[in-house]
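Please work from the sequences and hints to get the whole structure.
In the order they appear, the protein sequences are chains A and B.
So for the first sequence, my numbering puts the first residue at 1; every next one is plus one.
So for the second sequence, my numbering puts the first residue at 1; every next one is plus one.
The hints are simulated quantities; they were obtained by calculation from the structure and are not laboratory data.
Careful: at least some of the hints might be erroneous.
In this list, chains with the same sequence are indistinguishable; a pair is considered to hold if it fits within one copy or across any two.
Said to hold, decoys possible - No more than 25 Å apart at the CA atoms, straight line, and that leaves these computed lysine to any residue pairs for SDA-like:
hint, residue 1, residue 2
1, K156, D98
2, K156, D34
3, K227, D98
4, K19, A118
5, K168, R211
6, K215, I56
7, K221, R7
8, K227, F97
9, K172, E24
10, K185, Y200
11, K36, V193
12, K215, F97
13, K156, R191
14, K36, K185
15, K227, Q25
16, K177, N203
17, K185, S4
18, K215, E204
19, K168, S94
20, K185, H199
2 protein chains.
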Amino acid sequence: MVDSNYREELKQYIPFWDKLSSNEQEFFMNNVLDLKYESGTTLHGGDDDCLGLILIRNGTIRTYMLSNEGKEITLFRLNEGEVCVLSAACILDSVTFDVNIDAETDCEIFLLGSTAFAKLASSNIYVENFAHKIATERFSDVMWAFEQILFMSFDKRLATFLFDEYIKIKDKDNVIKLTHEQVAKYIGSAREVVTRMLHYFANEGIVEVSRGGIKILDEQKLRDLTK
Amino acid sequence: MVDSNYREELKQYIPFWDKLSSNEQEFFMNNVLDLKYESGTTLHGGDDDCLGLILIRNGTIRTYMLSNEGKEITLFRLNEGEVCVLSAACILDSVTFDVNIDAETDCEIFLLGSTAFAKLASSNIYVENFAHKIATERFSDVMWAFEQILFMSFDKRLATFLFDEYIKIKDKDNVIKLTHEQVAKYIGSAREVVTRMLHYFANEGIVEVSRGGIKILDEQKLRDLTK
Chain A
1 MVDSNYREEL
11 KQYIPFWDKL
21 SSNEQEFFMN
31 NVLDLKYESG
41 TTLHGGDDDC
51 LGLILIRNGT
61 IRTYMLSNEG
71 KEITLFRLNE
81 GEVCVLSAAC
91 ILDSVTFDVN
101 IDAETDCEIF
111 LLGSTAFAKL
121 ASSNIYVENF
131 AHKIATERFS
141 DVMWAFEQIL
151 FMSFDKRLAT
161 FLFDEYIKIK
171 DKDNVIKLTH
181 EQVAKYIGSA
191 REVVTRMLHY
201 FANEGIVEVS
211 RGGIKILDEQ
221 KLRDLTK
Chain B
1 MVDSNYREEL
11 KQYIPFWDKL
21 SSNEQEFFMN
31 NVLDLKYESG
41 TTLHGGDDDC
51 LGLILIRNGT
61 IRTYMLSNEG
71 KEITLFRLNE
81 GEVCVLSAAC
91 ILDSVTFDVN
101 IDAETDCEIF
111 LLGSTAFAKL
121 ASSNIYVENF
131 AHKIATERFS
141 DVMWAFEQIL
151 FMSFDKRLAT
161 FLFDEYIKIK
171 DKDNVIKLTH
181 EQVAKYIGSA
191 REVVTRMLHY
201 FANEGIVEVS
211 RGGIKILDEQ
221 KLRDLTK
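Structure below.
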């Protein structure tokens, strides 16, 4: 339980505060904890874990997927004033996946434990809606992250291939003598996709595309794309 | 506006029906449309499109991401009795991404247009909560899809997809009637990659590939590959 001095601060985090009855407000205050996590510690570690609703007072938490082989994919980060609801996935029937959550910096949080959160969400539709709404916002964050991962990598792949080829022929005429079809085969893509991205690179002044091949105009920009 | 005979059918789709005032119920009935889409048509095509809430009476719709390069990644499919809310993304502040939605088969739907849906969602917290809850369920679907794409090896991904399809058609003729191109779209890969892996599966006696589709020969081996 937190000191009553925290009441005003808490209200900032939760738009449903005014929709709580005075009993529910008391219940909330009596069940919320203020906690500190050191940088690098795990707040929420997967399936068997259901911490509750996290309100970040300061610091940054990072949410990520972890494969069986230990591969990590960062989904989103949350900062001061933001709320994490995936740490209370057990409360929401509609959330059937689990994620990992670490403190990326030292953090201070308010925590409404899962049991108390479940009780409020089941008795008050505004609390339930808040949880679903926050989850939907995180859905948007995750879609953005996946777009980067799944779609943005192609320019990097193509740039890396071109840069490697360029290193081999540098100081001759800077022209990579390959057709788009050949480039596509080397990097496991389709010719049209390669052509479209090369036109994009050409518009950026990175390459010049001609029948003879692909001329590298700006080594530094190309190198930057490979990073 | 649909015939009042539809009222009972509509109520099955929307758990918030009893939370609507009688005026809101009338408003709903007066603003819902029954529409048909042919297999392959686009229901929702991206940023500039905000159809509204879709209730699927029969058929299957497919939701996918589309990259600038034309790469498709299937996020989830919805069937009879299910509700799609991403077709009304403009109504929900918390949804900041957009997706594409196609009719995968001939479909009959009820549509509550985005203006009417926005009006109900802003006046009735149960409608708003329903929308956020459905969006959160789709979040779970999408997380599942991304786990497959990002963490599973390709043979496992393909086997999992085939096994899921097989379960649906089992005891008919065990033939999944999809082209390699279609399979590639569903699992976010390229046709050549799918074809190569199917030939490998065929050599292993797991499937038989023909013009008519993909016949499952050895359910146990296929199942083993999904693990």
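Each hint tested on the structure:
Taking CA atoms no more than 25 Å apart as the test, K156 paired with D98 passes between copies only; the shortest distance there is 21 Å, against 29 Å inside one copy. Taking the shortest Cα distances, K156 and D34 never come within 25 Å of each other, neither inside one copy (40 Å) nor across copies (44 Å). Taking the shortest alpha-carbon separations for K227 and D98, only the inter-copy value of 19 Å comes in at or below 25 Å, while the best intra-copy value is 30 Å. In the homo-oligomer, the alpha carbons of K19 and A118 lie at most 25 Å apart both inside one protomer (16 Å) and across protomers (21 Å), since each shortest distance falls under that limit.
With identical chains, the CA atoms of K168 and R211 are at most 25 Å apart within one copy only, with a shortest distance of 20 Å there and 45 Å across copies. For the identical chains of this complex, K215 and I56 are neighbours neither inside a copy (29 Å) nor across copies (53 Å), given an alpha-carbon limit of 25 Å. Taking the shortest alpha-carbon separations for K221 and R7, neither the intra-copy value of 47 Å nor the inter-copy value of 60 Å comes in at or below 25 Å. Only between protomers do K227 and F97 lie at most 25 Å apart by alpha-carbon distance; the minimum there is 18 Å, versus 31 Å within a single protomer.
Proximity of K172 to E24 under the C-alpha cut-off of 25 Å is found in neither arrangement, the shortest distances being 45 Å within a copy and 56 Å between copies. For a Cα distance limit of 25 Å, the shortest separation of K185 from Y200 qualifies both inside one copy, at 19 Å, and across copies, at 21 Å. Taking the shortest Cα distances, K36 and V193 never come within 25 Å of each other, neither inside one copy (35 Å) nor across copies (34 Å). Taking the closest pair of Cα atoms, K215 and F97 never come within 25 Å of each other, the shortest separation being 37 Å inside a single copy and 32 Å across copies.
Taking the shortest alpha-carbon separations for K156 and R191, both the intra-copy value of 16 Å and the inter-copy value of 22 Å come in at or below 25 Å. For the identical chains of this complex, K36 and K185 are intra-copy neighbours only, at 24 Å inside a copy versus 42 Å across copies, given an alpha-carbon limit of 25 Å. For the homomeric pair K227 and Q25, neither the shortest alpha-carbon distance inside one copy (48 Å) nor that between copies (48 Å) is at most 25 Å. Taking the closest pair of Cα atoms, K177 and N203 come within 25 Å of each other only inside a single copy of the chain (20 Å); across copies the shortest separation is 38 Å, beyond that limit.
For the identical chains of this complex, K185 and S4 are neighbours neither inside a copy (40 Å) nor across copies (56 Å), given an alpha-carbon limit of 25 Å. For the identical chains of this complex, K215 and E204 are intra-copy neighbours only, at 13 Å inside a copy versus 46 Å across copies, given an alpha-carbon limit of 25 Å. In this assembly of identical chains, the alpha carbons of K168 and S94 lie at most 25 Å apart only when taken from different copies (24 Å versus 34 Å within one copy). For the homomeric pair K185 and H199, the shortest alpha-carbon distances inside one copy (18 Å) and between copies (20 Å) are both at most 25 Å.
Hint violations for this structure: numbers 2, 6, 7, 9, 11, 12, 15, 17, all remaining hints satisfied.
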